[in-house]
Every structure is written in structure tokens, then in C-alpha cells.
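Student: Next come the chains, spelled out residue by residue.
Number of protein chains: 2
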Amino acid sequence: MENKEMGKETAGASAMAELDTIFRPRSVAVIGVPLSRPDSVAMDGVDSLLEFQFSGPIYLINPRGGEFKGLKVYPSLDHIPGTVDYVISLLPARMASELVEQSARKGVKAVHFLTAGFSEINEEEGIRLEAELVQTAKKTGVRILGPNCLGIYCPESRISIMPQFPKDSGPVGLIMQSGGNTVDLVNMTMWRGVRFSKVVSYGNGCDLNESDFLEYLTDDPDTKIIGLYLEGVKDGKRFRQAWDRAVKEKVVILLKAGSTEAGAQAAASHTASLAGNDAVWDALCRQSGAIRVHSLPEMADMLVTATFLPRIRVKNLALIGAGGGSSVMLTDEFESRGMRVPPLPDDLRKRIREFTPAAGNIFRNPIDFSQAVFEPEKQIKAMKLISEWKDIDLIVGFHRTLYYRIMTGEAKRQLWHEMADSLLQGAKSVSKPMAIVVEPGAVPIEAAEVFSVCQEFVSCGLPVYYSFISVANALRLYMNSAF
Amino acid sequence: MENKEMGKETAGASAMAELDTIFRPRSVAVIGVPLSRPDSVAMDGVDSLLEFQFSGPIYLINPRGGEFKGLKVYPSLDHIPGTVDYVISLLPARMASELVEQSARKGVKAVHFLTAGFSEINEEEGIRLEAELVQTAKKTGVRILGPNCLGIYCPESRISIMPQFPKDSGPVGLIMQSGGNTVDLVNMTMWRGVRFSKVVSYGNGCDLNESDFLEYLTDDPDTKIIGLYLEGVKDGKRFRQAWDRAVKEKVVILLKAGSTEAGAQAAASHTASLAGNDAVWDALCRQSGAIRVHSLPEMADMLVTATFLPRIRVKNLALIGAGGGSSVMLTDEFESRGMRVPPLPDDLRKRIREFTPAAGNIFRNPIDFSQAVFEPEKQIKAMKLISEWKDIDLIVGFHRTLYYRIMTGEAKRQLWHEMADSLLQGAKSVSKPMAIVVEPGAVPIEAAEVFSVCQEFVSCGLPVYYSFISVANALRLYMNSAF
Numbered sequence: 005m006e007n008k009e010m011g012k013e014t015a016g017a018s019a020m021a022e023l024d025t026i027f028r029p030r031s032v033a034v035i036g037v038p039l040s041r042p043d044s045v046a047m048d049g050v051d052s053l054l055e056f057q058f059s060g061p062i063y064l065i066n067p068r069g070g071e072f073k074g075l076k077v078y079p080s081l082d083h084i085p086g087t088v089d090y091v092i093s094l095l096p097a098r099m100a101s102e103l104v105e106q107s108a109r110k111g112v113k114a115v116h117f118l119t120a121g122f123s124e125i126n127e128e129e130g131i132r133l134e135a136e137l138v139q140t141a142k143k144t145g146v147r148i149l150g151p152n153c154l155g156i157y158c159p160e161s162r163i164s165i166m167p168q169f170p171k172d173s174g175p176v177g178l179i180m181q182s183g184g185n186t187v188d189l190v191n192m193t194m195w196r197g198v199r200f201s202k203v204v205s206y207g208n209g210c211d212l213n214e215s216d217f218l219e220y221l222t223d224d225p226d227t228k229i230i231g232l233y234l235e236g237v238k239d240g241k242r243f244r245q246a247w248d249r250a251v252k253e254k255v256v257i258l259l260k261a262g263s264t265e266a267g268a269q270a271a272a273s274h275t276a277s278l279a280g281n282d283a284v285w286d287a288l289c290r291q292s293g294a295i296r297v298h299s300l301p302e303m304a305d306m307l308v309t310a311t312f313l314p315r316i317r318v319k320n321l322a323l324i325g326a327g328g329g330s331s332v333m334l335t336d337e338f339e340s341r342g343m344r345v346p347p348l349p350d351d352l353r354k355r356i357r358e359f360t361p362a363a364g365n366i367f368r369n370p371i372d373f374s375q376a377v378f379e380p381e382k383q384i385k386a387m388k389l390i391s392e393w394k395d396i397d398l399i400v401g402f403h404r405t406l407y408y409r410i411m412t413g414e415a416k417r418q419l420w421h422e423m424a425d426s427l428l429q430g431a432k433s434v435s436k437p438m439a440i441v442v443e444p445g446a447v448p449i450e451a452a453e454v455f456s457v458c459q460e461f462v463s464c465g466l467p468v469y470y471s472f473i474s475v476a477n478a479l480r481l482y483m484n485s486a487f
Numbered sequence: 005m006e007n008k009e010m011g012k013e014t015a016g017a018s019a020m021a022e023l024d025t026i027f028r029p030r031s032v033a034v035i036g037v038p039l040s041r042p043d044s045v046a047m048d049g050v051d052s053l054l055e056f057q058f059s060g061p062i063y064l065i066n067p068r069g070g071e072f073k074g075l076k077v078y079p080s081l082d083h084i085p086g087t088v089d090y091v092i093s094l095l096p097a098r099m100a101s102e103l104v105e106q107s108a109r110k111g112v113k114a115v116h117f118l119t120a121g122f123s124e125i126n127e128e129e130g131i132r133l134e135a136e137l138v139q140t141a142k143k144t145g146v147r148i149l150g151p152n153c154l155g156i157y158c159p160e161s162r163i164s165i166m167p168q169f170p171k172d173s174g175p176v177g178l179i180m181q182s183g184g185n186t187v188d189l190v191n192m193t194m195w196r197g198v199r200f201s202k203v204v205s206y207g208n209g210c211d212l213n214e215s216d217f218l219e220y221l222t223d224d225p226d227t228k229i230i231g232l233y234l235e236g237v238k239d240g241k242r243f244r245q246a247w248d249r250a251v252k253e254k255v256v257i258l259l260k261a262g263s264t265e266a267g268a269q270a271a272a273s274h275t276a277s278l279a280g281n282d283a284v285w286d287a288l289c290r291q292s293g294a295i296r297v298h299s300l301p302e303m304a305d306m307l308v309t310a311t312f313l314p315r316i317r318v319k320n321l322a323l324i325g326a327g328g329g330s331s332v333m334l335t336d337e338f339e340s341r342g343m344r345v346p347p348l349p350d351d352l353r354k355r356i357r358e359f360t361p362a363a364g365n366i367f368r369n370p371i372d373f374s375q376a377v378f379e380p381e382k383q384i385k386a387m388k389l390i391s392e393w394k395d396i397d398l399i400v401g402f403h404r405t406l407y408y409r410i411m412t413g414e415a416k417r418q419l420w421h422e423m424a425d426s427l428l429q430g431a432k433s434v435s436k437p438m439a440i441v442v443e444p445g446a447v448p449i450e451a452a453e454v455f456s457v458c459q460e461f462v463s464c465g466l467p468v469y470y471s472f473i474s475v476a477n478a479l480r481l482y483m484n485s486a487f
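Heads up: the sequence lines are chains A and B, in that order.
In terms of the working numbering, the first sequence opens at residue 5 and continues consecutively.
In terms of the working numbering, the second sequence opens at residue 5 and continues consecutively.
If you're looking for bench data, these hints aren't it; they were derived computationally from the structure.
There's no promise every hint is true.
[Stated by the list, open to error] Selected chain A positions facing chain B (Cβ under 10 Å, derived; list incomplete):
{"id": "1", "residue": "Met20"}
{"id": "2", "residue": "Glu22"}
{"id": "3", "residue": "Asp24"}
{"id": "4", "residue": "Thr25"}
{"id": "5", "residue": "Ser80"}
{"id": "6", "residue": "Asp82"}
{"id": "7", "residue": "Ile84"}
{"id": "8", "residue": "Ala120"}
{"id": "9", "residue": "Asn126"}
{"id": "10", "residue": "Gln181"}
{"id": "11", "residue": "Gly267"}
{"id": "12", "residue": "Ala271"}
{"id": "13", "residue": "Asp336"}
{"id": "14", "residue": "Arg344"}
{"id": "15", "residue": "Val454"}
{"id": "16", "residue": "Ile473"}
[Said to hold, decoys possible] Derived coverage of chain B by chain A (criterion: at least 3 residues anywhere in the stretch with Cβ under 8 Å from a Cβ of chain A; other residues may be distant):
{"id": "17", "stretch": "83-93"}
{"id": "18", "stretch": "184-194"}
{"id": "19", "stretch": "468-475"}
Cβ coordinates follow ideal geometry from the N, Cα and C atoms, glycine included.
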């Protein structure tokens with residue numbers, strides 16, 4: 005609260021311009037490209053620029069020169085004819101400082117060090133190299149991203165961490181201290197319809213850090229939702245100011261790792277972070293209306309939720325799908341989290357019973373449509389009726405993989421897809437927000453079928469969850485933490 | 005405690021013999037087989053008997069007679085020449101009572117009603133039909149399984165609920181009130197190496213109920229682990245006696261659904277159960293050393309754990325795998341549940357550093373072997389050294405799907421399998437209990453690769469978990485709830 009006035013300020017225009025260079029460079033040079041190992045993991049940056057058709061010049065640098073993947077290779081930074089905004093470095097840690105000096109001479113604005121082997125290894129040499137790098141950066145004015153990180157994914161400017169990331173943009177911005185978690189989170193959520201404005205994996209954050217990125221994404225009109233994976237924070241006071249401003253303007257979701265003592269020590273080893281007191285983080289989120297999650301799958305659920313659902317208060321739910329035991333357990337998940345699954349009013353029950361038999365179906369709420377497999381049109385009709393029930397804020401539909409398992413043989417498996425389709429058609433006809441649960445498959449063929457069904461729901465703008473616990477937890481965190 | 009003396013009793017010999025008829029019938033008749041719909045879901049019982057090569061006679065009954073799937077079809081029960089131990093009925097609810105009368109005349113010991121449409125629909129007709137069924141059963145002495153359930157899976161006697169269930173036996177017995185959850189749970193765990201002695205889906209439990217099955221499995225020498233999915237209990241006092249005896253002799257894992265008020269109402273709709281006070285169930289588990297879980301995936305994790313790991317107290321863990329952010333989050337999961345991830349002793353760290361570089365690897369605990377992709381033999385060597393660390397009770401290895409995602413292209417994907425293999429070879433050489441985490445794939449091809457890797461771990465007798473939360477939660481519940 006004491007930062008209210010400061011919170012109204014935006015980040016300085018020059019800082020914003022520097023970050024623009026990183027997220028939207030006009031030209032990129034990649035140095036230390038392992039020409040002899042075109043399949044190397046380190047090649048993803050180059051492959052991504054090519055796959056995304058980066059619009060500016062891409063310069064590769066290797067003392068050998070020549071040509072590589074259709075691009076000219078320059079022996080050094082100095083040999084490049086045009087200006088270079090941004091350098092991605094795959095060189096070993098010991099060459100970092102010298103590269104920054106060279107970059108300064110060339111007029112480079114920022115260097116991203118993919119390379120590890122700095123302070124995070126907690127050995128004398130690594131600590132020294134990082135200190136030297138920071139000093140050189142300060143002296144020259146070249147900004148540093150990393151080291152020990154995967155860098156930038158910004159579909160709009162055609163830069164990506166992985167070639168297979170989505171090429172279209174969306175409202176989610178990510179500030180990620182771990183590169184692995186960045187790849188994981190984008191992969192987990194891209195198939196569930198989440199799209200991104202700007203994503204940064206910033207590793208040790210020796211120069212540009214979480215506060216810079218949080219300020220930048222707060223001012224970015226394309227970003228509506230900000231997800232953070234933090235292991236620690238460099239400057240608590242500055243971060244708090246950036247945070248206060250961010251939570252006022254965006255949906256902010258925090259995954260703070262290193263929340264236990266040994267976790268904090270692991271964080272120190274991973275990105276040389278000071279993790280801070282976990283209770284402070286809890287209080288910060290609670291007071292500011294930010295959402296705190298505790299695992300990557302939970303973060304993924306939250307990004308899906310924030311992408312597709314309005315942030316309304318959910319008191320009462322209707323649950324609809326097939327499976328008696330499922331209904332009981334799904335009800336427990338919601339009720340134990342403070343939401344209600346009220347009984348179907350008598351008149352509504354009567355109206356549904358007029359056109360459906362009771363055996364194997366339960367018309368109470370949860371509405372168990374086990375028999376929908378034989379009569380999809382009745383489920384669609386029932387869903388339309390249920391959506392007119394005025395006490396209900398949101399509908400959760402579930403399509404259980406177990407019915408795929410029960411239905412052995414081709415003809416029966418077709419029925420499983422028809423069940424999904426009747427739920428989908430029903431979802432299209434309801435007037436309330438709706439969430440879908442589809443459980444994962446245990447064997448490859450199930451996983452493939454589940455995936456195709458999920459894609460159908462996603463393409464209709466429905467948020468898809470993989471378990472009863474996930475959907476109940478996500479709705480509670482997203483819907484009811486703000487009220 | 006007041007039941008101590010009674011707790012020492014075993015179930016009556018005659019009750020045991022009656023249940024033996026159900027789990028190990030000498031002959032089975034299936035009535036109400038939908039001959040015109042050989043692909044019908046209701047056909048799974050017949051398909052299972054054929055697939056499992058049930059050793060006794062299988063009689064199909066349909067007024068039309070003839071032949072079906074290579075089996076003779078009899079017009080009625082009376083037309084069957086030999087004795088019939090056990091009848092599986094697919095007839096509508098209204099014919100149930102009459103079938104029991106017929107069965108009694110034929111000398112049948114027990115009838116399993118797959119059919120729904122009894123008390124669980126909470127309508128006058130269904131309630132009346134079930135009451136009538138119970139009365140007829142009492143009068144005739146024929147025992148009833150169900151109604152509204154999927155019945156028996158007992159690999160030893162070659163009876164199954166689904167044709168694709170495993171044909172080999174194992175130590176896990178299941179008492180399941182929901183048929184869908186039974187199919188789900190067996191499917192979820194069979195690929196993780198869990199095998200079963202006797203499984204029963206008993207639905208409404210109008211005659212034989214959870215207490216009968218709990219007594220039976222407690223006396224069954226082939227069952228070491230008992231998993232229960234209950235929506236309610238018919239006779240609290242009797243169940244308590246059965247429970248007290250079971251927890252003394254077996255590992256007992258309880259999933260009690262209907263734990264919230266609306267959940268209890270859903271349970272009433274599903275299997276006409278009275279759910280009881282949830283706090284009572286909590287206390288019962290805590291006092292008796294039974295393990296209470298709250299979801300089907302948690303139950304699956306617990307069955308995997310109880311199958312593969314000793315029930316030792318776990319204070320200290322070593323964590324090993326690739327991925328920095330992973331290490332931090334995995335550490336948090338264990339530490340927040342009261343287990344410790346202590347730092348690697350200096351001498352051990354030095355010995356590992358002698359043969360491995362530090363950049364990109366963290367030798368602290370968690371031990372991050374991101375570089376193992378290039379040097380698997382070093383990871384194996386390091387794991388052997390770590391397993392000699394005497395403070396450690398258990399080792400958790402993690403193989404992240406994200407590395408599959410990072411490694412685009414065939415050659416790099418091969419590396420991902422080599423990383424898994426080095427973890428597997430390492431696991432074989434360690435002298436401590438070990439658990440493995442492999443995360444699910446987001447797209448079908450990933451899911452297929454993850455599945456093949458998981459099968460390799462499972463075939464070496466390793467428990468496999470699908471998330472950091474799962475493994476930490478399962479170890480806490482299983483290992484540290486008993487001490």
C-alpha cells in the first residue's frame with residue numbers, strides 16, 4: 005500500500021526500449037554455433053529463427069566461416085556488415101566477458117547467454133566469471149539476458165525458444181527462471197489452447213531480472229495474464245513495486261519454487277537465487293489478489309482457466325457426464341473446496357425424465373449420463389434445459405476415458421467419440437461458462453484418442469482439464485481467490 | 005478396541021464357502037445376453053470368460069437358443085444339463101426376483117446382477133424391486149452380487165470384468181462400489197506393474213456387501229494389499245469388526261467417496277448408500293494405520309507403492325535426474341511433506357566431480373544430471389556412489405519429458421532414450437529402494453515414447469509415478485503414515 009504512488013509510475017522509457025530490443029530485435033547474431041553438430045540441442049535458437057521466418061537478418065558466427073543451413077557464417081562479430089541488435093551466445097562461460105566487449109564495439113544492445121557454468125555451480129571460477137560479466141555489462145552498457153537460460157519466445161517478432169512452439173500469439177506472458185520449465189509449460193498448455201504474447205527464460209538474471217520483465221509485461225498491451233516461475237528475487241523493494249503495479253492491471257499467477265529450506269538451497273544451485281521467506285510470498289499473493297500455484301501442472305491449469313473463463317465468483321455448479329462413481333468423486337472435489345453442487349429442482353428433473361429413462365442415469369446433479377452413449381440427442385436436450393437453471397454459475401462436463409476402455413472393439417469405440425460429440429454439441433448450446441474434464445489415456449492408443457477428443461473441445465474455446473482435482477482446484481483458485 | 009476379541013475371529017466357514025463360489029465358481033451361466041448386439045457393452049462378461057479361457061462350463065441363456073461365439077445357447081436356466089454355480093444376469097430389473105427363484109430351483113449358489121434400475125434411481129419402482137430381490141434372496145438362500153455392478157475379476161479362476169485385464173495374479177485385492185472406478189483403477193495400474201488377487205465391483209450391495217468382501221480378502225492368503233472404494237457402509241458395527249481384523253493383517257487403503265454433503269447425496273443416487281460422517285472415517289484410518297486416499301489417481305499411486313516398495317520410514321532422500329527447475333520443485337514437494345533432501349556430503353561431491361564437469365550439472369542433492377545425455381556412463385557411476393551414502397533411505401530418479409521436447413529430430417530423441425537407459429542402469433546398480441518419475445506426454449507421439457520408457461522401468465520392478473507431487477504424496481502416505 006505504501007507503494008501506491010510509485011505503483012502508478014510506468015517503467016522508464018529507456019528501460020522499455022532496451023527490453024524491446026530483446027523481445028523485438030531488428031537483427032540477430034548467433035555465436036558459437038556448433039557447425040559440426042547440426043543436430044545439437046544448442047541449435048534450437050537457430051532452428052527457431054528459421055522455422056518462424058524471422059524477418060530481419062540472421063547472422064551466424066564461427067571462426068571457420070562458410071555456410072550453414074542456407075545462412076552465411078561470419079568468422080567474427082566484426083565481420084558482419086550490418087548492425088546487430090541482439091546476440092545469442094553458445095560460447096563457454098570463460099569467453100562471456102570478452103564477447104560483451106566485442107558486442108559493445110559493434111553497437112549490440114543485448115546479449116543472451118544460453119551457456120551455463122556461472123554462479124549457479126557455486127564454485128569459485130563460475131562465481132568469478134559471472135561477476136566479471138556483470139561488471140563488463142555495466143561498463144559497456146550492453147544488457148545481459150541470463151546466463152544459463154533459454155531466452156525469448158515472442159511469436160509476433162518471430163523469435164522462439166523451440167521451433168515447434170505456436171506461431172500465433174495470445175494473451176499470456178511468462179517470466180521463467182528455469183528454461184526446462186519454460187519448454188515444459190508452453191508444451192503442456194499449447195495443446196490446451198493457450199497462446200503467448202511474450203515469454204522469457206532468464207536463468208541467473210545477473211543483469212536483466214524478474215523486475216525488469218514484470219515491468220515490461222505490465223506495460224505490454226498484448227499481455228493480459230502474467231505467469232511467473234521464480235526461484236528468488238534479486239531486489240525485493242524494486243520487485244514489490246513492479247508487483248503492485250502488475251497485479252492491478254493483469255491477472256498474475258505465481259509459481260514460487262524453493263519454498264522449503266532445501267528447495268531454496270536447490271534454487272541457489274540452479275540459478276544462484278536467494279529464495280526468501282515462503283510466508284511472505286503467501287501473504288503477498290493473498291493481499292494483492294494474485295494467484296499462487298505450487299506446481300507446473302497447476303500453473304498450466306491456471307493459464308488454461310485464465311485464457312478461457314471469465315473471472316466470476318462461482319457458488320453453484322452443475323456437473324454433467326457419464327459415470328456414477330465419477331459423479332460422486334467430482335462432487336466431493338468441488339464441495340470440499342467451498343463450491344456447491346445443488347440438487348436439480350424438481351420441475352427440471354421432471355422435464356428431463358419426460359424424455360429419458362432413469363436406469364443407469366442419475367438426474368440429480370451431478371447428472372450422470374451413462375446412457376448417453378445410446379441417446380446423445382437426449383443429453384444435448386438435457387444440457388440445454390440445465391443451462392437455463394438460474395442458480396447455476398458454471399457447468400462442468402466430464403468425458404471419461406474409462407468408457408473408451410469399457411467399449412472394446414471398433415464399433416464401441418466409435419460410440420465413445422459420439423459421447424464426446426454429444427457433450428460438445430451440448431456445450432455449444434448452453435448459455436453458461438463451461439469447463440471440460442477428459443482423463444489421460446494409460447496406453448498410447450488411448451492417449452491418441454483422448455488427444456483428438458481434447459482438440460475438438462479446445463477448438464471450440466473450451467478449457468480442458470485432465471482430472472477432477474485439477475478442474476476443482478483451478479476454478480477455486482481462479483474464480484474464488486479474487487472475491 | 006472393544007472389538008479386540010471379536011477381531012480375532014475369522015469369518016464363518018460357510019460364508020467363506022459362499023464367497024468362494026463367487027470368486028471361484030465351477031460353472032457360470034450368463035442370462036440376458038444381447039445376441040443381436042454382439043458388440044454391446046453388456047457382452048464384456050462373456051468376452052472375458054472366453055478370453056481368459058474359463059476352465060468350467062460357460063452356459064449362455066436366451067429364449068431364442070442356437071449358438072453364439074462358439075457356445076451353445078440354452079432357452080432357459082432349466083434347460084442346462086449340468087449344475088450351475090454362478091449366474092451373471094443382464095436381464096432388466098423387473099425380472100430379477102423371478103430369476104432368483106429359478107436359480108434356487110436349479111441349485112445356483114449366487115447371482116450377479118449387472119443390471120441397474122434398482123434403489124439407486126431413488127424412484128418408487130426401483131426401491132420396490134430391490135426390496136423384493138432382497139426378500140427372495142433371503143427366502144431362497146441364493147446370494148446376490150449387486151445389483152448395478154460389474155462383478156468379479158479373479159485371474160486365478162479365469163473370471164474377469166474386462167477381456168484386456170492382466171491374466172497373471174498379484175497381491176492386490178479390491179473392494180469397489182463403483183464399476184466404472186474398478187475398470188479405471190485396474191487400467192491405470194496394470195501398466196504400472198500392479199497385479200491383482202481378487203477384485204469385486206459390488207454396486208448397491210443389497211445382499212453381499214463390503215463387510216463380506218473385507219472378511220473374505222482378510223482371510224485370503226493371496227491378498228496382501230486391500231484397496232476399498234466405498235460410497236457408504238450397510239452395517240457399521242459389522243464393518244468395524246471386519247476392518248479391525250483387516251488392518252492387522254494387510255495393508256489397507258481406503259478411498260471413501262461421498263465425503264461432502266452433496267457428495268453423499270450423489271452416492272445415494274449412485275449406489276443408494278448412506279455415506280456417514282467423514283471425520284469418523286478419518287479417525288478410523290488414523291488410529292488403525294490404514295491409508296486414506298482422496299482420489300482414484302491417488303489410490304493408483306498407492307497400489308503401485310505398496311506393490312513395489314517396503315514400508316520403511318523415509319527420513320532422507322536422494323533425488324537424481326536431469327533439469328534444474330525440476331530439482332528445485334521436486335525438493336519442495338518432499339520437504340513440504342516432512343521428508344528431507346540433505347546436501348551431498350563434501351567427500352561424495354568431490355568423488356563425483358573427479359569424473360564430471362560442473363557446468364549444467366548440480367552436485368548437491370538434488371543431483372541434476374542435465375549433461376547425462378552426453379555421458380550416461382558417468383551418471384551410472386555417480387548413482388552407485390550416491391547409493392552408498394548411508395544417511396539416505398530411498399532414491400528418487402526423474403526422467404523428464406521436457407528433454408524429449410527439447411531434443412527435436414530423430415538423433416536427439418534417441419538421446420532421450422539413452423538418458424532413460426542410464427537412469428535404468430543406474431537404478432539396477434543401487435542398493436537402496438528407488439522410485440521413478442516420468443511425466444506424461446502432451447501429444448500422442450510423446451505419450452507413446454513415455455509409455456515405452458515407463459514399461460522398461462516397470463519391467464525392472466521399479467514403481468513409476470507421473471508427477472513430482474504424486475511421488476512425494478505417495479511416499480508420505482505409505483511410508484510415514486505407519487510410524
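Student: For each hint, tell me whether it holds in the structure or not.
Tutor: Status of each hint after checking the structure:
For methionine 20 of chain A, the interface hint is violated, the least distance from its beta-carbon to any beta-carbon of chain B being 28 Å, above 10 Å. Restraint check, glutamate 22 of chain A versus chain B: the minimum CB separation of about 26 Å is more than 10 Å; hint violated. About 27 Å separates the beta-carbon of aspartate 24 of chain A from the nearest beta-carbon of chain B, more than 10 Å, and the hint is not met. Annotation: threonine 25 of chain A was flagged as interfacial toward chain B, and the flag is violated, the nearest CB pair being 26 Å apart, outside 10 Å.
The interface hint given for serine 80 of chain A is violated, since its Cβ lies 24 Å from the closest Cβ of chain B, which is over the 10 Å cut-off. Taking 10 Å as the C-beta cut-off, the interface hint given for aspartate 82 of chain A is violated, the closest approach to chain B being about 27 Å. Residue-level restraint check for isoleucine 84 of chain A is violated (minimum Cβ-Cβ distance to chain B is 27 Å; threshold 10 Å). For alanine 120 of chain A, the suggested interface contact is upheld, since its CB lies about 4 Å from the closest CB of chain B, less than 10 Å.
Of the supplied interface hints, the one on asparagine 126 of chain A holds, with its beta-carbon coming within about 8 Å of a beta-carbon of chain B, less than 10 Å. Checking glutamine 181 of chain A against chain B: minimum C-beta separation of about 7 Å stays under 10 Å; hint holds. For glycine 267 of chain A, the shortest C-beta to C-beta distance to chain B is roughly 4 Å, which falls under 10 Å, so the interface hint holds. For alanine 271 of chain A, the shortest C-beta to C-beta distance to chain B is roughly 5 Å, which falls under 10 Å, so the interface hint holds.
Evaluation of the aspartate 336 of chain A hint against chain B yields a held restraint, the C-beta minimum of about 4 Å falling below 10 Å. Restraint check, arginine 344 of chain A versus chain B: the minimum CB separation of about 7 Å is within 10 Å; hint holds. Interface restraint check: valine 454 of chain A against chain B, minimum CB-CB distance 9 Å, threshold 10 Å, status holds. Taking 10 Å as the C-beta contact cut-off toward chain B, the hint placing isoleucine 473 of chain A at the interface holds, the least distance being around 6 Å.
Figure legend: the stretch 83-93 of chain B, annotated as covered by chain A; annotation inconsistent (0 residues with Cβ-Cβ distances under 8 Å, at least 3 required). Figure legend: the stretch 184-194 of chain B, annotated as covered by chain A; annotation consistent (7 residues with Cβ-Cβ distances under 8 Å, at least 3 required). With 3 residues having a Cβ less than 8 Å from any Cβ of chain A, the stretch 468-475 of chain B passes the three-residue criterion, so the hint holds.
Hint check: violations occur at hints 1, 2, 3, 4, 5, 6, 7, 17; the rest are consistent with the structure.
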